[in-house]
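> Throughout the sequence shown, residue numbering follows the working numbering, covering 339 to 540 in sequence.
One thing to keep in mind: the hints can contain errors.
Straight-line C-alpha distance at most 30 Å; calculated DSS-like pairs for lysine-lysine [stated by the list, open to error]:
1) Lys492 with Lys531
2) Lys401 with Lys467
3) Lys467 with Lys492
4) Lys531 with Lys401
5) Lys403 with Lys531
6) Lys467 with Lys403
7) Lys467 with Lys531
Think of the hints as simulated: they come from the structure by calculation, not from any bench.
Predicted, not measured: the structure shown is a model, and the values here were computed from it.
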Amino acid sequence: MSERAKVSVLSIWVIAGLALAALLAALAWKAERVSPASAPSAIGGPFHLTSQSGTQVDERILKGKWTAVYFGYTSCPDVCPTTLTNLAQAIDTLGTRARDLQVVFITVDPERDTPSRLAAYLSITSFPKRMIGLTGSPAQIAAAASAYRVYYKKAGAGPDYSVDHTSVVYLMNPDGRFSRPLSFDVPPAGVAKQIAEAMDGA
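With the hints as constraints, model all of the structure from the sequences given.
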């Protein structure tokens, strides 16, 4: 074999080795990522926040009922109101089983979302009824978001800034433990089916 041919073969092996190393690194990174579906025990945890009525609450508020937990903010222009409206329609589809479900909205904008502002926002008629809104200090919100693996970051400056954030509805069981994320790529009846299946242990 000529020297040129040897170099070509060696180059092929080097490229193949680098590709394999990159693949293994990618697989390792993916395995370490925390996702609602793959690591349910990693979703949820202690929090200390303030409700829209000014009451101090913690994670025990999740006990005794199924709970849909959503992180958003009252100035959100599209994703939050759309998600809450779709969730309300799904809950209406549940019929009498809706009595066993509560909705908890945790703000990712504690600078603006005071208890009174939350109360006004959550009273929008197209949103779930009797929704519980929670706010707190920046540190308290950060701790709650971390417990639920929620990303959020302030975007822009001035009073009209926005907040980039994870938009996931976490369904928690009556023990306060994570059950599943709710998928909203289906009509409200499909979301209601997901909730009913979780209630039935399916």
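> Indicate, hint by hint, whether the structure satisfies it.
Hints, one by one, checked against the model:
no.: 1; hint: Lys492 with Lys531; in the structure: 34 Å, violated
no.: 2; hint: Lys401 with Lys467; in the structure: 19 Å, holds
no.: 3; hint: Lys467 with Lys492; in the structure: 29 Å, holds
no.: 4; hint: Lys531 with Lys401; in the structure: 22 Å, holds
no.: 5; hint: Lys403 with Lys531; in the structure: 17 Å, holds
no.: 6; hint: Lys467 with Lys403; in the structure: 15 Å, holds
no.: 7; hint: Lys467 with Lys531; in the structure: 19 Å, holds
Hint compliance for this structure: hint 1 alone is broken.
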